[in-house]
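Peer 1: Sequence:
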Amino acid sequence: MDTNILKMRFADIDLNDPFFNSLRADYSEFEEWFKRKFDEPAYVIFNNNQKIEGFLYLKIEEDVTNGLEPEIKADKIVKIGTLKINPHGTKLGERFLKIAFDFAIYNKASLCYVTVFKKQGALIQILNKYGFETYGTKTSNNGNELVLVKRFDSCLNDLIFDYPLIHLEGKNIFLLAIYPKYHSVMFPDSILKNEDRKIIKDISCTNSIHKIYVTRISDVRKLHKGDILLIYRTAEDGKQAEYSAVATSICVVEEIKGQNEFINFKEFYNYVSKYSVFDKDDLKVWHNKEGCYSVKMTYNSALPKRIIRKDLIERHNLDRSAYWGFIKLTLDQFKSIIKHGEVNENIIINKTRVY
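With the numbering used here, letter number 136 in the sequence shown gets 183, and the count goes up by one each step, no holes.
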């Protein structure tokens, strides 16, 4: 499969691709609608036969959305106009959802919504998991659809439901180092400009919002659910860390497990393999060494501007003499780093919604 998701004009996408057959069946006006969008962009991924495997269309709406019951009112709204994935067990749907969330955050949307038929159970399940709530209905000539809404202007202090929002209050913040050979496979939106995008594959550990990193750094035991990780890509072999090691991403801790929490290798492998960049042989090596830890986290944001080690030290006061595998950061350091890294401030939130 061509594993890079492409942003393409509708006019350059083959409307006759069999991928669209189910959309034609569900929406009588689909072909007419598709042709009207000829100059607008969509996100598409193709298989090895150049047939579509995933499609996402996003639209910004202002103030109020008509035709829904009840109407949605907000200053800026993102509509997921079309989201369809051919499921094949690689969590590609999560990767497309992250694109939608990034788009909403970038455009400072208060909320995002999508309309779905009740029969789309698998899609509804993943939308619910990441914070979409049933809001109302939409009735048209095609039948009745559910309207699902996700808010970005507040959160419930639930790191999956609120994703990708990052709740700072009362959280510890750490830098966590990742070797280059693993970094961009795990964090595809954080790939460096000088890396070959062919390293990004259609596999679960790349596509998923969730990541697991296995390490023998014992200090990761200090981590708790909700703590924040600044991902630090270490230097390439033969290059100076001062200029080639960079901070690239922000993640939020889901849980930490020590090797002694697993009865045997099989249990360890079944837990780690879904979200880990390491293959079975790698994991056997880790398991045989003993004393390893699994850090499960959500991948919340890439830093649009990567920050080199030199700047982390000179501009953000990180200790040059510290062990850079795992460093505790102050809140002031973190705020300074994300500002320098041009992270959208709308992803950081301190309000908790109360029903």
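The set of hints was computed from the structure by calculation and includes no laboratory data. Careful: at least some of the hints might be erroneous.
[As the list claims (entries may be wrong)] Subject to a maximum C-alpha distance of 25 Å in a straight line, what follows is the list of computed SDA-like cross-link-like pairs (lysine to any residue):
1. Lys357 x Lys331
2. Lys106 x Ile119
3. Lys240 x Glu392
4. Lys131 x Gly190
5. Lys131 x Asn191
6. Lys240 x Asn191
7. Lys185 x Ile173
8. Lys98 x Asp59
9. Lys126 x Glu216
10. Lys131 x Lys240
Keep in mind it's a predicted model, so treat the numbers as computed, not measured.
Peer 1: State for each hint whether it applies.
Peer 2: Hint by hint, here is what the structure shows:
1. Lys357 x Lys331: Distance ~36 Å between lysine 357 and lysine 331 Cα, so the pair is violated.
2. Lys106 x Ile119: holds (15 Å)
3. Lys240 x Glu392: holds (23 Å)
4. Lys131 x Gly190: Holds. Lysine 131 to glycine 190 sits at ~19 Å (cutoff 25 Å).
5. Lys131 x Asn191: Holds - the C-alpha atoms of asparagine 191 and lysine 131 are around 18 Å apart, at most 25 Å.
6. Lys240 x Asn191: violated (45 Å)
7. Lys185 x Ile173: holds (20 Å)
8. Lys98 x Asp59: The hint holds at about 13 Å.
9. Lys126 x Glu216: violated (30 Å)
10. Lys131 x Lys240: violated (29 Å)
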